[in-house]
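4 protein chains.
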Amino acid sequence: MPSGTDVTPVSNMIASRSSKNENTVVDLGTCRVGDGSLVIIAGPCAVESRDQMICLARILKKMGVSIIRGGAFKPRTSPYSFQGLGEEGLKILSAARAETGLPFVTEATDSRSLEIACRYADIIQIGSRNMQNFSLLREAGRSGKPVLLKRGFSSTLEEWLMAAEYIASEGNRKIIFCERGIRTFENYTRNTMDISAIPAIKELSHFPVVADPSHGTGRRSLVGPLARASVAAGADGLMLEVHENPPAALSDGPQSLYPAELEGLLPSLKALHSACVLQGRAV
Amino acid sequence: MPSGTDVTPVSNMIASRSSKNENTVVDLGTCRVGDGSLVIIAGPCAVESRDQMICLARILKKMGVSIIRGGAFKPRTSPYSFQGLGEEGLKILSAARAETGLPFVTEATDSRSLEIACRYADIIQIGSRNMQNFSLLREAGRSGKPVLLKRGFSSTLEEWLMAAEYIASEGNRKIIFCERGIRTFENYTRNTMDISAIPAIKELSHFPVVADPSHGTGRRSLVGPLARASVAAGADGLMLEVHENPPAALSDGPQSLYPAELEGLLPSLKALHSACVLQGRAV
Amino acid sequence: MPSGTDVTPVSNMIASRSSKNENTVVDLGTCRVGDGSLVIIAGPCAVESRDQMICLARILKKMGVSIIRGGAFKPRTSPYSFQGLGEEGLKILSAARAETGLPFVTEATDSRSLEIACRYADIIQIGSRNMQNFSLLREAGRSGKPVLLKRGFSSTLEEWLMAAEYIASEGNRKIIFCERGIRTFENYTRNTMDISAIPAIKELSHFPVVADPSHGTGRRSLVGPLARASVAAGADGLMLEVHENPPAALSDGPQSLYPAELEGLLPSLKALHSACVLQGRAV
Amino acid sequence: MPSGTDVTPVSNMIASRSSKNENTVVDLGTCRVGDGSLVIIAGPCAVESRDQMICLARILKKMGVSIIRGGAFKPRTSPYSFQGLGEEGLKILSAARAETGLPFVTEATDSRSLEIACRYADIIQIGSRNMQNFSLLREAGRSGKPVLLKRGFSSTLEEWLMAAEYIASEGNRKIIFCERGIRTFENYTRNTMDISAIPAIKELSHFPVVADPSHGTGRRSLVGPLARASVAAGADGLMLEVHENPPAALSDGPQSLYPAELEGLLPSLKALHSACVLQGRAV
Chain X
1 MPSGTDVTPV SNMIASRSSK NENTVVDLGT CRVGDGSLVI IAGPCAVESR DQMICLARIL
61 KKMGVSIIRG GAFKPRTSPY SFQGLGEEGL KILSAARAET GLPFVTEATD SRSLEIACRY
121 ADIIQIGSRN MQNFSLLREA GRSGKPVLLK RGFSSTLEEW LMAAEYIASE GNRKIIFCER
181 GIRTFENYTR NTMDISAIPA IKELSHFPVV ADPSHGTGRR SLVGPLARAS VAAGADGLML
241 EVHENPPAAL SDGPQSLYPA ELEGLLPSLK ALHSACVLQG RAV
Chain V
1 MPSGTDVTPV SNMIASRSSK NENTVVDLGT CRVGDGSLVI IAGPCAVESR DQMICLARIL
61 KKMGVSIIRG GAFKPRTSPY SFQGLGEEGL KILSAARAET GLPFVTEATD SRSLEIACRY
121 ADIIQIGSRN MQNFSLLREA GRSGKPVLLK RGFSSTLEEW LMAAEYIASE GNRKIIFCER
181 GIRTFENYTR NTMDISAIPA IKELSHFPVV ADPSHGTGRR SLVGPLARAS VAAGADGLML
241 EVHENPPAAL SDGPQSLYPA ELEGLLPSLK ALHSACVLQG RAV
Chain E
1 MPSGTDVTPV SNMIASRSSK NENTVVDLGT CRVGDGSLVI IAGPCAVESR DQMICLARIL
61 KKMGVSIIRG GAFKPRTSPY SFQGLGEEGL KILSAARAET GLPFVTEATD SRSLEIACRY
121 ADIIQIGSRN MQNFSLLREA GRSGKPVLLK RGFSSTLEEW LMAAEYIASE GNRKIIFCER
181 GIRTFENYTR NTMDISAIPA IKELSHFPVV ADPSHGTGRR SLVGPLARAS VAAGADGLML
241 EVHENPPAAL SDGPQSLYPA ELEGLLPSLK ALHSACVLQG RAV
Chain W
1 MPSGTDVTPV SNMIASRSSK NENTVVDLGT CRVGDGSLVI IAGPCAVESR DQMICLARIL
61 KKMGVSIIRG GAFKPRTSPY SFQGLGEEGL KILSAARAET GLPFVTEATD SRSLEIACRY
121 ADIIQIGSRN MQNFSLLREA GRSGKPVLLK RGFSSTLEEW LMAAEYIASE GNRKIIFCER
181 GIRTFENYTR NTMDISAIPA IKELSHFPVV ADPSHGTGRR SLVGPLARAS VAAGADGLML
241 EVHENPPAAL SDGPQSLYPA ELEGLLPSLK ALHSACVLQG RAV
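Chains as they are written, first to last, in my numbering: chain X, 1 to 283; chain V, 1 to 283; chain E, 1 to 283; chain W, 1 to 283.
Isolated chain X, as found in the complex (with noise of 0.2 angstroms):
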């Protein structure tokens, strides 16, 4: 007989910190998320050309950033918007892997995607409209990929929590929770960085949480200020959107860097990550 009530325990879910007291790590071979380390995913919001990938992966992979990303099944607001490049994305970013040696992350939007991008990716991206798309979260789980898992843009930690779990429940422990801001009445910035809600996944969760300024402000000026928040409080990773020339970017332009600030930026993350690692993260 089926239970009436909506909601399971946390404490008995395997995504749940209470079921696996050690910090699980997301091995992909190249490096690893959760272990400590500080992993930077960058790249376009969306593939647009092979030239253009292949270009800013080589500077990317110079600058030391560790996972690709680029998106080729778009999900956008309007049918009449650039979708992506498709299954053709895939293949420029595999391009981008041969040529760099860098793993890629890329999103999938429903069955037909997913099954195309499991071909090629090495970690399937759901974004933020589809975190409650428990199809798709179970099909991911059933894929084996690794899965970063983007918060529902106004989704609380409980519903985050219960759409990684959708995967586990299927067998799949390699999730990556990422923070990528909620909405609020605030429209200074896109969405507002709940940056609470890194520290409180790892009380909460034993999966890896990394965080994505560019979405969560949607403001060049403020995705280094954001970045830096994130690590300080203790995200395992940063996605950031970067474009060789933001203003011609097909989207999400405001908020991606021109390769040049990244570069500036680096520095600067590892430097704090490196004091919150020497000062133990106490308290």
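Please keep in mind that the hints were generated in silico from the structure rather than gathered at the bench. Source: prediction; values computed, not measured. One thing to keep in mind: the hints can contain errors.
Heads up, the list lumps identical chains together, so a pair's fine if it works in one copy or across two of them.
[Unchecked claim] Once the Cα atoms are required to be at most 35 angstroms apart in a straight line, the calculated DSBU-like pairs of lysine-lysine come out as: (1) Lys-91 <-> Lys-20; (2) Lys-270 <-> Lys-61; (3) Lys-270 <-> Lys-62; (4) Lys-145 <-> Lys-61; (5) Lys-145 <-> Lys-20; (6) Lys-91 <-> Lys-270.
Dock chains V, E and W against chain X, hints included.
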């Protein structure tokens, strides 16, 4: 060359009032939504058993309800909660239709459940969590079935219109909007019903709009007042959860009306609707 | 020894329904708020000139409006915006009262304006930004004047009740709640009217509640539908901004009705109210 | 003739960055806020007794805290909760200052408490609930005292700037902004700290900004991570609640640090601050 702007001007859209001044009426054979009448949709949150559904459908038919609702594929926050009876639930709803002559609406949550639901249901519901599941919207569009499109619990009116545009751009003009409450800081109610969305969506679009005060309030005692408010604000219909024994319901018991409560509520809804019609909704 | 808990159980409060089951009626001599009738409060956002106010008051009197509203002390976001006519505005409102026999409500924003307003006005309004100005609440309580207590734009129902309790605990039982919209992510409207707050506050308290769809929506075209919705939800009255020439208003022009619009709206409000009374608001 | 527009362009304001490019430093004699150093403000939510306060102040002095905080006039949601010791509390704070040489900040909630507080305190706090208490802002401006201006819990950055402008327009340029969290749908934390407000307010204004992660999170376990995040985001200081025995605190116990926790936290804050200074906050 694809455009980089995310949002097409609302005025160019199929769903927009500016593209079609007269109201669109969704004709279900036995009733019409959007023609100035008040359509009552009622039923349990989830179909639980054959006996329950048939018995309740007969009662609703007698009361003058026009459309039956019942969930067979339930999107649940936790993977361990009751997920609905699936296709078996649709067979039960079909039997209830055969018994009463009333059409029914049921939710589809992914490609597979949409494909199955289309074989049985009269109207396909796209739920709040899937309002920006763009693949599902396109598939619902291609199905040609009438679609009841719930507002995402944190979606703006513009995003809601754009979601309708995904359906409409596939050639489907049988769209019914459904306001079901948005997420705010207030906890006394499950959601905050945005009653202003009813007249606002009628300004912005020619498609009909119904209201769901059951999810909108989450409290049985507030369903009646908010149902009345929705009618007074110009809703083309109401969707109400009713259960023969709410405390035993497998989901949403606290917001489900007893059959006798629904029976007591309907006359006041009709009286208000008549008063509105007589007054011509001036101003 | 004072208790460290922040919030006293609602059931022990003077303002709570559990402490007094029958509705409290606030008697203004010429009209009664909370006795089952529908009270219309109308007037300009701010008193701008003697001629304007007298002329408008005569028009409102003719339409059957029961209470005049007009701001003399205006709380404005910017220190450089029009701050109201001060005591001169109250003299003008008093002249309008002398002319029409209608009582008036005006806002007090601090000790000094409260003291002055009490010398002239029939009802003191505590505005949304001052809902938790606890000193002002206590002083309004001690004044013995009827108080119209607007809900803070991000206040919970519990905080609103507690604000009323500050007034009531000073011995003042002439409190009228006023729902005026809450702040959400939605930008189409100035605020999101929480219509469910109307029946909810009637569950929780015995004091009457009115609704302000002018501030609640911020859009002239939505004031009528939301006024009707408020009546249908059980409001004891409405507060409506009206201006003889909204585009020239010194504040809140876009949400002010033209006098002819108000005149067109009133019959539908009365018709809805009658329908509700006849139906006994069952369920 | 006064203008009807509500909001003056931000660029014309005294508080705006465009009117003064260099940072304003608020000089308290013993320390300076806004000069690039990291200022720690700490103390109990409310002053509870002379012994408590003196003892705690000595401990804080030893740790290197620069400013003492303590509430004497407490704005409380319920009229029946502990309202603070009033002037007696200010005398106790003055004794703590005499003992330690540290200046103190305390909240004023109305004209009367402001007048009293000005006689004792070094900095006047305007609390979140009074951020749009415009009379109080003007009086705080006229007092000439340094003002710590907390952000309203649902106020936009623009409204916050305008509130500062009320103070500045009275000739007072000693303003310190304080981000303390905003109200959202998330309930795991008491508020959602808007860390992006820290760099954003520094873009928009030349006045310094501190952060209050105690109110911002409401949970002891999150105070440390959010304090670190605030420093990394560029805060000029932190305001932290500390109590010798939080479970026995008369208010805000769950968010108050034990003295030993604060002592453990301070080195990591200094290390992060040094790392930020060394990196020059590039990008």
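Each hint tested on the structure:
1. Lys-91 <-> Lys-20: neither (38 angstroms within a copy, 42 angstroms between copies)
2. Lys-270 <-> Lys-61: Intra 16 angstroms, inter 32 angstroms, cutoff 35 angstroms: intra and inter.
3. Lys-270 <-> Lys-62: both (15 angstroms within a copy, 31 angstroms between copies)
4. Lys-145 <-> Lys-61: Classified as within: same-chain Cα gap 23 angstroms, cross-chain 50 angstroms, threshold 35 angstroms.
5. Lys-145 <-> Lys-20: within (21 angstroms within a copy, 47 angstroms between copies)
6. Lys-91 <-> Lys-270: within (32 angstroms within a copy, 47 angstroms between copies)
Hint compliance for this structure: hint 1 alone is broken.
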